[in-house]
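Whenever a hint applies, use it, and build me the whole structure from the sequences.
Now for the letters of each chain:
2 protein chains.
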Amino acid sequence: MTSAEQPAVPSPAPRKRPGRRPGSTDTRRTVLEAARAEFAARGYEKASMRAIGRTAGVDAALLHHYFGSKDRLFLAALEFPVDPRTVVEQVLAGDRATVGERVAGFVLTLWEQPGVLDRLLALIRAAATTEQVAELMRGFVLEELVRRAAAELDIDQPELRTELMLSQIIGLAMARYVIGVEPLASATREELVPLLAPTFQGYLGGA
Amino acid sequence: MTSAEQPAVPSPAPRKRPGRRPGSTDTRRTVLEAARAEFAARGYEKASMRAIGRTAGVDAALLHHYFGSKDRLFLAALEFPVDPRTVVEQVLAGDRATVGERVAGFVLTLWEQPGVLDRLLALIRAAATTEQVAELMRGFVLEELVRRAAAELDIDQPELRTELMLSQIIGLAMARYVIGVEPLASATREELVPLLAPTFQGYLGGA
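Note that the protein sequences, when read in sequence, are chains V and L.
Using this note's numbering, the letters of the first sequence correspond one by one to residues 1 to 207.
Using this note's numbering, the letters of the second sequence correspond one by one to residues 1 to 207.
Don't read these hints as lab results, they were simulated from the structure.
A few of these clues could be false.
Claimed, not checked - Facing chain V, according to a computed beta carbon distance under 10 Å, are these residues of chain L, among others:
#	residue
1	A97
2	T98
3	L117
4	A127
5	R138
6	V141
7	L142
8	A151
9	E152
10	A173
11	M174
12	V181
13	A185
14	L196
15	P198
Predicted model only: the values in this text are computed from it and were never measured.
Idealized CB from N, CA, C, for every residue including glycine.
The structure is reproduced here in structure tokens:
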């Protein structure tokens, strides 16, 4: 609460390490990468602003000044790698007959991109343990994905079906990456897409 | 490690509360109920043996003596409410044409039974945040469910397909109960079974 208003600490004496200024784009990226790694590794509650600052080479007080509280840094760090508007338009709203295959391919390709999986796992871990984050995620999912998709999909119960699709995506991430059960954990995208596509097609393809 | 060998603390002076003896069946059930509630509410790492003992009215030292360390109490508390052997024989290994509907009906009915959901959510929360629990869960899923099901199911890639089925079950629990996104969270069993059955049928029904 108060940490967001905490002023940057002036440095009257020369510091041992010069540190980086969080204002620059490079430093912002470095901080967000450090935050993603920390949240993914330790979960939302145990993640430490101090550790993030240390990894990024940024003074903890400056971190607080520029990114505010831990939950604001968390949201900034987990900023969706793709615009939900684009996902809905390009993935869900294309040819209805192949929507399941597009969703399966999109999700598995997305997770292979650097940094994406860390963000997703941090979010799932945090939502699983912290009601405040579950609430944030609930709001995000509803506002950004479910309502948008429901407006686009001409099917019965569009919200419920979109949420069933999301539940399979979340469970796949849990089973494949968090629990890491084999052979699912090591299965390739090429093996998984044909198995998952009919599931997504069933939820989104309409009767 | 050492807590499992910790001897019961003798009570030379009369205690304020008589406490219960963990040896009796009733007390064992009370302790396991208290443990399930605590693990479900706070997650594996933050759950406290002391709080569990307090809720159950059992001395913390006796708790350690009878149930050993926290991870052993955790496993005892989360003991599967049904025998995995029965699940595989009755749910998976029946008529192949209706296996999807049986799985969907079984899972949603199981979660409505008292105490079951608490166990599942505690397990998911703990696995999401603690590698040690993820490892325990990985072992359990493989030994008790996947190998057993694979031996019973006459389909291609039985392990992978069983794990995809489990991933949908885990994701459904996350989306419906942990994130609690509507309308999925309030949807009835009767609404969900027809939507989920084709997914499970696709994974387990064979080509």
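Tell me, which hint numbers fail for this structure? 1, 2, 3, 8, 9
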